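**Student:** Heads up: the sequence lines are chains E and G, in that order.
For the first sequence, our numbering assigns the number 2 to the initial residue and increments by one for each residue that follows.
For the second sequence, our numbering assigns the number 2 to the initial residue and increments by one for each residue that follows.
Derived by calculation from the structure, the hints in this document are not laboratory data.
Only a predicted model underlies this, so the values are computations on that prediction, with no experimental measurement involved.
A couple of the hints might just be wrong.
It does not matter which identical chain is used: a pair holds within one copy or between any two.
DSS-like, lysine-lysine: derived pairs with alpha carbons at most 30 Å apart [claimed, not checked]:
1. Lys682 / Lys270
2. Lys477 / Lys404
3. Lys658 / Lys401
4. Lys682 / Lys715
5. Lys658 / Lys40
6. Lys141 / Lys72
7. Lys721 / Lys350
8. Lys350 / Lys629
9. Lys139 / Lys340
10. Lys49 / Lys658
11. Lys658 / Lys44
12. Lys270 / Lys715
13. Lys721 / Lys682
14. Lys270 / Lys350
15. Lys477 / Lys542
16. Lys270 / Lys721
17. Lys658 / Lys407
18. Lys621 / Lys270
19. Lys44 / Lys480
20. Lys270 / Lys629
21. Lys350 / Lys621
22. Lys44 / Lys404
Number of protein chains: 2
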Amino acid sequence: MMKKVLIGLLCGAAVLTAGILIGHYGIEKSSSSTASWVKDVAKDVDEKMVEEFLSEVDNSHIQENLRELTKVPHMATTAGDEQTVQLMLKRWQDPESGLDQAWREEYLVYLSFPDPNRPNKVTVVNASNHTLHTVREKEKAYTSDQNDPAVVQPYAAYSPAGHPQGKLVYANYGRVGDYKLLNQTLDLRGTIAITRYGGAGRAAKAINAAPYGVIGVLVYTDPWDINDGLTSDTNETYPHSWYMPPSGVERGSFNSHYGDLLTPYFAAKEDTYRIPVENITGIPPIPIQPIGFEDAYILICELDGAAAPQAWQGSFNCTYNLGGPGFRPTSAFINSDVKLDIFNYEEVKNSSNVMGVIRGSVEPDRYVIYGNHRDSWVHGAIDPSSGTSVMLELTRVLGKRVKQGKWRPRRSIIFGSWGAEEFGLIGSAEYTEQYFTKLSERTVAYINVDISVFANASLRASGMPSLQNVIFTAAKQVKAPEQDSMSVYDKWIQYSNRTSPVYGPIPWMGYLTGAGSDYAPFLHHLGITSVDLSYTYDRTKTNARIYPAYHTAYDTYDYASRFIDPGFYTHQAVARTAGSILVRLADSLVLPLNCSDYAESLEDYLDLALRLYEEELLAKNISMEPLKRAVASFRSAATHLDEVIGNSDLANETPLKVRMINDQLMLLDRAFLNPLAFPNKYGYRHVIWASSDTGVRTFPGLSDACSRAMSSGKPNAWAKVRYHVSVVSQAVEGAAHMLLDVV
Amino acid sequence: MMKKVLIGLLCGAAVLTAGILIGHYGIEKSSSSTASWVKDVAKDVDEKMVEEFLSEVDNSHIQENLRELTKVPHMATTAGDEQTVQLMLKRWQDPESGLDQAWREEYLVYLSFPDPNRPNKVTVVNASNHTLHTVREKEKAYTSDQNDPAVVQPYAAYSPAGHPQGKLVYANYGRVGDYKLLNQTLDLRGTIAITRYGGAGRAAKAINAAPYGVIGVLVYTDPWDINDGLTSDTNETYPHSWYMPPSGVERGSFNSHYGDLLTPYFAAKEDTYRIPVENITGIPPIPIQPIGFEDAYILICELDGAAAPQAWQGSFNCTYNLGGPGFRPTSAFINSDVKLDIFNYEEVKNSSNVMGVIRGSVEPDRYVIYGNHRDSWVHGAIDPSSGTSVMLELTRVLGKRVKQGKWRPRRSIIFGSWGAEEFGLIGSAEYTEQYFTKLSERTVAYINVDISVFANASLRASGMPSLQNVIFTAAKQVKAPEQDSMSVYDKWIQYSNRTSPVYGPIPWMGYLTGAGSDYAPFLHHLGITSVDLSYTYDRTKTNARIYPAYHTAYDTYDYASRFIDPGFYTHQAVARTAGSILVRLADSLVLPLNCSDYAESLEDYLDLALRLYEEELLAKNISMEPLKRAVASFRSAATHLDEVIGNSDLANETPLKVRMINDQLMLLDRAFLNPLAFPNKYGYRHVIWASSDTGVRTFPGLSDACSRAMSSGKPNAWAKVRYHVSVVSQAVEGAAHMLLDVV
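Can you make the complete structure from the sequences, with help from the hints?
**Tutor:** The following block contains the structure:
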């Protein structure tokens, strides 16, 4: 009986154990309905997904996008522009490969156009008012593209209308120093200055001229600066190569600011307050007109006066003289004036951004923004459609995965196709002004891919140093175009590199200190961590300041597909690199932003500032110690945060701890904003990356203030130096506080 | 046998079932190590804990705190101030009832003091330079407190030193209009003006005078404005009542800005850039000195000239004349001047904040900040020690729970004991300047309890409307002082109420539009949701502009305990109300910030703006439609977010969803910031609550611009109106975007 009881008990125990095991492991706890999201919130980037996604990004699709986008010229607010709006909307609303949502946003912005009925004219007129020469009005046609009636004829946007007539002088790049030098031997009052592109901003060439009494300005592209000296379209320039033909003219916005000129710091809506037109600053006070080098040659080579300095000489087969003012006595143009007839007019027009989103699954209130402008000057194959083609290919591949339910990013991705960038980053600026707080508080990073392929030698990336690491990861993952074994990273480091004290030799990443494309409002106004990506030149092969068809009627599909990227493999490499960065920023559990790399850049800035200024500042009793302390604080805070990240098992921590760290990383750049630091520079609030007149790679406000104080020697100029030491020190200290333990 | 088998099977089944049940419910799943935090992150405020905590907040402890804090005068940066620093540190570092951490933070700030060796003097001197009368230098002693050698003698901080002498005139409150009226009949050049406190800011009384040639100003408190007309210290005033004795003098900062005057927008550290002293604005350009009404009586009642207007008359038993300028021919002061000998000096001194924190358990990177200043003018029993006593009691009770391991808030709580508030909110302003981004990005709310008890009639709360609901919840929970059944809420609604379109009759909550205490830098500079709390007067019983011992040597423990709050039950009620608000903000799962209540205030603002300005603006072709649309957008966004909150089971959602909603609520106020909206007002960036010259309860920039445009009629003044319509519309639209779905 005992035995039976024992067996019974044993059996009972076994059954109980089985029951316990079944109960414990076999049945999902109902309370773990909550647990369903526990796994989701801890998910990290899926490397397999990234690989698959990148492999689907395809050169031929990009090529087709480009063909479609460049069918007609699409200058901002024209019918061609509207066609591209419709194209973007169609693609992004596609039920198979579109985004979750896409829509347009409109702004009423102040633009400047030539009058189609009264074309701008530049002539040489003699004393008896006979026209001896008329500058070509349209660029020469080599394909049907140039004959499209929608091609806007060359003009300088925001140049005032007017009819100045005077003797010609040659003013090199039209820099402050150029006019100053010219003025030493010539009376510039009443003259017309001819200048070449480069060396100074477009508007500056006229702004710098006016104080000397110059009444009109011409600007052209010297073959020296763009064509490696080549000039002949019979065998040297496009359509034989990528070089600019003699009649090619770079159009452009002659506007030193960015954003709509009438509505600074406001979104330009119908009822928005507009400043009086006469209060606009930073645009030409006198008429200015761009011309081709074939005409510039005719004008410059006839000039009288002393020979210009060696550095002012270009590629023409003549000596560049300064001008009598005016032409040589031996010239057919003897005693003649140059006359500008400029009929530009300004108009407030409706410009559209096209926006699209993929909703984030875990952190929908964190945005990764990817953008490019949509408007061009003419067909804009390279600028900007090379970037738009890449963006459309990325949205196609990602959109398809979303529509198929195979993937949804952790964070929201916002795509922006900006309008009216060419006139001054207007669409992106208005967008950031309209959604200022929302974007500031939620945006992880902004990725800009405008001209995606300048040339096919090497990746170029400029941006905040915290992004360096994720850019490197992406660049290592993608094969270089037409390379069997080398990665984008390998080619990059080969063309452009530096030695980091931490990493040794690494590719050289640029800083985004200007406002060359739509990253500017995100970075300079909102303090959002930004990167600008493209493929670029082999500088051992060309000195062109930019690809030679830039802003001309030759920037066409024909040009792009024959001379810039036949086969579109470089476009594909850029798309894959940008795509990898995008998905990593959107999907990583811990944001791939490295604050220690930021520290390294601040240390570089500091080193240079000390070398350039410390001695002089000490003599003025201005200490740079606060700045040294601040940079040291930042470094140690960054090291600390990196340790916290390294020592944490974040996949098993509360998602709020991960979010805390991510917010520290995301908001780091916001601490560098100071809306009062640069009262005269529109929209520049980031005290590390603001533009600088000196162009030195150090703290911009400090550098500009030092340069002014050293040249003027005035006490209040030295006070400004002192002020900027505090601006930067306190900003860097504030940024360090963001990285330290939160309490 | 079958039966046995059946029984066996049944037993087996029962045992198995038991096993399954044990296994399922009885044993924690090991995989739910992750799940350990799942419960923590979903925890809401614990009402039982709140009740217990409030019951521990105790009047006698508050009374003892006050006794301790008011032993000696503790003007900023004096030895007495340092004693209070030590006291705060000792309490907050107490191992039994202290905080997690406490420390001091120092700033070098620009202060102004009288010279102890050369007391300021005000005299009446006749033509032969004989002194006919000398104004009392020290307030009369009724207790030993007034005899403390550390009592600072009456002076006007930031008044320049100087020795103006001239004929006396009476200028009422020293407002712009007062001097204007006076100037209609009198030549004010070279005169001394006597003014009374009230009606205008302290500094304004001198700033407004100088343009008319006035060379010195006296200021006193008229018994009409503070004592309900009573004047005699034999039986009417302190020590017989709360009223100001005849020799009482209100000290104060004669400074229109806030924050350290030499380091605007910077933390005032040793190396910080300081503006030149001559660039300081907003302080008296001519000497000014406060005096008691016993001396003001002697001066005013001897004045010659026409009788002042009825509204200028005060409580003295004589007619207030304007002055000849100077005294009556029948007066002993005939032909006499009034002379000021002011020896104030400025000094950069080291001022301390004392900081303390309780680390948050779930969201340590979210801060609820609770603060009050520590410095007083003299003993400062009411201002500020009534608030400090309350803060110390809250930290004692909360600290004890933390030290005992019984409680830790969800979010971090930061306590601030600010220095040098009396000179212009300096400690708090420097703190917000030093930690600008960190505090902006992480602070849920700022609670200010400065003077906690002005009087014991009713709660007074001013702040952002989003806090109304949690303040009401707290006020309903706390018993009114010395009331058996009424709550703080009941008493409040009885004394001061309004009818809300949503809630019907509710207590009246004020708006924080000025810079009366340390909430200003948090609210106006950083845009942090703020509230200022105190207990206040029954206005049917007194017209005193403030409690009569304010800033005098009579604001002592004796005064507070005998006349303001015998038994300290009112202090206790304020402490409990503030404590309940604090814990709710720190512990609630969803932040108790109500955006629909904000919408109601914006609608009130809009209604008034439309009534006051729309017709006139339409005549100037300025549309208020954008503002109407913006307020409507805000209302609908708020309704939407409230629905999202109402329809969500947030306790079972991912904590990131809760955080998303909380961030929308927390950051709402940041969208109202515009650092460029008020270029002439230091630190005012919040376009809804900024101070306004008109004082009308509507959008301050718009209201001021309208008032200026209507009075000047100039086109650029109307342009400013247009500008401010855009400023406000776009800010409100931006705030609405914060409340809408994030994508």
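**Student:** Have a look at Lys477 and Lys404 and pick one of within, between, both or neither, based on CA distance no larger than 30 Å.
**Tutor:** Only inside one copy: Lys477 and Lys404 sit 29 Å apart there, 52 Å across copies, limit 30 Å.
**Student:** Quick one: Lys658 to Lys401, C-alpha cut-off 30 Å, is that within a copy, between copies, both, or neither?
**Tutor:** For Lys658 and Lys401, only the inter-copy Cα distance (26 Å) is at most 30 Å; the intra-copy one is 33 Å.
**Student:** Within, between, both or neither: how does the pair Lys270, Lys629 come out at a Cα-Cα threshold of 30 Å?
**Tutor:** between (45 Å within a copy, 15 Å between copies)
**Student:** Check Lys658 against Lys407 for me: Cα-Cα at most 30 Å, and say if that holds within a copy, between copies, both or neither.
**Tutor:** For Lys658 and Lys407, the Cα distance is within 30 Å both inside one copy (28 Å) and across copies (22 Å).
**Student:** For the identical chains here, do Lys49 and Lys658 meet the 30 Å Cα criterion within one copy, between copies, both, or neither?
**Tutor:** both (26 Å within a copy, 28 Å between copies)
**Student:** Between copies, within a copy, both or neither: which fits Lys721 and Lys350 at Cα up to 30 Å?
**Tutor:** between (40 Å within a copy, 24 Å between copies)
**Student:** Can you tell me if Lys658 and Lys40 fall within 30 Å by alpha carbon in one copy, between copies, both or neither?
**Tutor:** Both ways: Lys658 and Lys40 sit 15 Å apart in one copy and 15 Å across, limit 30 Å.
**Student:** State whether the alpha carbon distance between Lys621 and Lys270 is at most 30 Å within one copy, between copies, both, or neither.
**Tutor:** Cα proximity of Lys621 and Lys270: across copies only (20 Å, versus 49 Å in one copy).
**Student:** First find the shortest C-alpha distance between Lys270 and Lys721 inside one copy, then the shortest across copies, and answer within, between, both or neither for a cut-off of 30 Å.
**Tutor:** Answer is between: at 18 Å across copies they meet the 30 Å cutoff, but 37 Å inside does not.
**Student:** Which holds for Lys44 with Lys404 at a C-alpha limit of 30 Å: within a copy, between copies, both or neither?
**Tutor:** Result: close within a single copy only, 20 Å intra versus 36 Å inter.
**Student:** Checking Lys350 and Lys629: alpha-carbon separation at most 30 Å within a copy, between copies, both or neither?
**Tutor:** between (49 Å within a copy, 25 Å between copies)
**Student:** Measure nothing new, just compare the shortest in-copy and cross-copy C-alpha distances for Lys141 and Lys72 to 30 Å and report within, between, both or neither.
**Tutor:** Within one copy, since 19 Å is at most 30 Å while 92 Å is not.
In summary, this structure violates none of the numbered hints.
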